[in-house]
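J.: So the protein sequences, as listed, match chains A and B.
So the first sequence is residues 1 to 222, counted in the working numbering.
So the second sequence is residues 1 to 161, counted in the working numbering.
Hints listed in this document are in silico derivations from the structure and should not be mistaken for laboratory results.
Being a predicted model, the structure only gives us computed values, none of them experimental.
Glycine included, every Cβ here is placed at the ideal spot set by N, Cα and C.
Worth double-checking, as some hints may not be accurate.
A short list of chain A residues far from chain B (calculated; beta carbon distances all over 10 angstroms) [as the list claims (entries may be wrong)]:
1. Lys62
2. Arg70
3. Thr82
4. Trp105
5. Leu217
Result set (DMTMM-like, lysine to aspartate or glutamate): computed pairs, CA atoms no more than 25 angstroms apart in a straight line [said to hold, decoys possible]:
6. Lys189(A) x Glu20(B)
7. Lys161(A) x Glu184(A)
8. Lys7(B) x Glu158(A)
9. Lys7(B) x Glu211(A)
10. Lys216(A) x Glu39(B)
11. Lys97(A) x Asp16(B)
12. Lys161(A) x Asp4(B)
13. Lys21(B) x Glu158(A)
14. Lys8(B) x Glu75(A)
15. Lys7(B) x Glu27(B)
16. Lys193(A) x Glu39(B)
17. Lys62(A) x Glu51(B)
18. Lys45(B) x Asp172(A)
19. Lys216(A) x Asp12(B)
20. Lys189(A) x Asp28(B)
21. Lys21(B) x Glu51(B)
22. Lys216(A) x Glu5(B)
23. Lys97(A) x Glu51(B)
24. Lys45(B) x Asp28(B)
25. Lys161(A) x Glu39(B)
26. Lys161(A) x Glu57(B)
27. Lys216(A) x Glu20(B)
28. Lys97(A) x Glu190(A)
29. Lys45(B) x Glu100(A)
30. Lys45(B) x Asp160(A)
31. Lys88(A) x Glu173(A)
32. Lys193(A) x Asp28(B)
33. Lys45(B) x Asp116(A)
34. Lys45(B) x Glu158(A)
35. Lys216(A) x Glu44(B)
36. Lys8(B) x Asp172(A)
37. Lys193(A) x Asp4(B)
38. Lys189(A) x Asp16(B)
39. Lys193(A) x Asp172(A)
40. Lys216(A) x Asp172(A)
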Amino acid sequence: MDHCQKLNNMEPGGSDSVLQHESSKMILPGEKPVELVDVSLIKRTKAGDLCAFEELFNHFHKRVYNIVRRLVCNEHDAADLTQEVFVKVFNTIGCLKAEEAFFTWLRSVAVNTCRDYMRRRPPRMESLDANLQFDDGEMAWELPTPDAGPEKELLDSERDKAVRRAVASLSDEHRTVVVLHHLEGMDVKEIAKLLGCPVGTVKSRLARAREDLSRKLLPYVM
Amino acid sequence: MRCDEVKKLIADYSVDRLSEKVRRRIEDHLVACPDCAAELARQEKAMNLVEQMQMVEPPAGLWNGVYNRITSPQRSTQRQNWLFRCPRWALSLGLCMLVLASVVFLGIDRAGYQKETAVPDPAAAEYIRSHAAASRYDVFADHVGLSFVAAMQSSDEQEEL
């Protein structure tokens, strides 16, 4: 926060009390980070205020990181891409006219950055029988067994890993629509607009992904 | 509808991708067939599991990376971006001026080249040749220059032949 304090000292209108007041208005309770944000933070970021941008970053970076990580399925690339998203946002926030739609815009920047990345990276050659490399190491498809442990947390954790692996094994196109629809709560029209494809294509990808996921998660849904 | 037909269409049914007629037939079948209804329930449960995926904590130090990338290359970024901040009409005008200047410059250069490579006057050629011969033993004569002129002259004559 040193650089933040320096900037506040440099700017006549900046003070810590103002920042605390605005951040207290901005952050709301809830399981997921809220999409509402104080518009004044965006206006100050447009004016080049790095403290305001840091507030925006603190509010949204976990959400953005999770979107990116779910799309690219790689921890290290997700961290780099998240930083790239926020650098892009800072450099182009002057173009944002509807400030109340900041999160929608931020999410579209994140998705497009990930899509560019996925287009650049070499295609994965994987089969259901092959062991898959994920963030938590090389793991084969695992079925829940009674030996998995009596603890519910452990079972939940195993199930969560299995779900992550199943989502990661989808093709880039299918995974993108699944993440946006089922995890980000976007409707198919919004997704079609964001991806620049017809609504029917989005529905088709969702349907194929559902079939694929239900097959891969069969031991957990019986 | 048969069960295998319904099971193929269940995913499309659940994302509302079917016509009204097919959708009603599937709904009628699902009411009567517990096996197909269970298949639909399995798909719904699988998607519920996906929706329950926990968010993970991002690694520490992300902001520092963003801050460094925003502040350190700021000057170079600004220098790169000035072109994009120019109005389009100014860029178009500049491009037109550049093309026009190139055309004019190439036209002048081509005209000068044609003038230089024009067939020389035979009297002038004879004068140069004789002058070169006369100045062979003159220590103050520009032998290099004269040899160059004479060589040019002889190559022109060979081309004419």
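J.: Each hint: holds or not?
T.: We went through each hint and held it up to the structure:
no.	hint	result
1	Lys62	violated (6 angstroms)
2	Arg70	violated (8 angstroms)
3	Thr82	violated (6 angstroms)
4	Trp105	holds (17 angstroms)
5	Leu217	violated (5 angstroms)
6	Lys189(A) x Glu20(B)	holds (19 angstroms)
7	Lys161(A) x Glu184(A)	holds (19 angstroms)
8	Lys7(B) x Glu158(A)	violated (29 angstroms)
9	Lys7(B) x Glu211(A)	holds (10 angstroms)
10	Lys216(A) x Glu39(B)	holds (14 angstroms)
11	Lys97(A) x Asp16(B)	violated (34 angstroms)
12	Lys161(A) x Asp4(B)	violated (31 angstroms)
13	Lys21(B) x Glu158(A)	violated (42 angstroms)
14	Lys8(B) x Glu75(A)	violated (35 angstroms)
15	Lys7(B) x Glu27(B)	holds (12 angstroms)
16	Lys193(A) x Glu39(B)	violated (31 angstroms)
17	Lys62(A) x Glu51(B)	holds (17 angstroms)
18	Lys45(B) x Asp172(A)	holds (22 angstroms)
19	Lys216(A) x Asp12(B)	holds (18 angstroms)
20	Lys189(A) x Asp28(B)	violated (28 angstroms)
21	Lys21(B) x Glu51(B)	violated (30 angstroms)
22	Lys216(A) x Glu5(B)	holds (21 angstroms)
23	Lys97(A) x Glu51(B)	violated (32 angstroms)
24	Lys45(B) x Asp28(B)	holds (21 angstroms)
25	Lys161(A) x Glu39(B)	holds (23 angstroms)
26	Lys161(A) x Glu57(B)	holds (15 angstroms)
27	Lys216(A) x Glu20(B)	violated (30 angstroms)
28	Lys97(A) x Glu190(A)	holds (19 angstroms)
29	Lys45(B) x Glu100(A)	violated (35 angstroms)
30	Lys45(B) x Asp160(A)	holds (14 angstroms)
31	Lys88(A) x Glu173(A)	holds (23 angstroms)
32	Lys193(A) x Asp28(B)	violated (34 angstroms)
33	Lys45(B) x Asp116(A)	violated (32 angstroms)
34	Lys45(B) x Glu158(A)	holds (16 angstroms)
35	Lys216(A) x Glu44(B)	holds (13 angstroms)
36	Lys8(B) x Asp172(A)	holds (23 angstroms)
37	Lys193(A) x Asp4(B)	violated (34 angstroms)
38	Lys189(A) x Asp16(B)	holds (13 angstroms)
39	Lys193(A) x Asp172(A)	holds (17 angstroms)
40	Lys216(A) x Asp172(A)	holds (17 angstroms)
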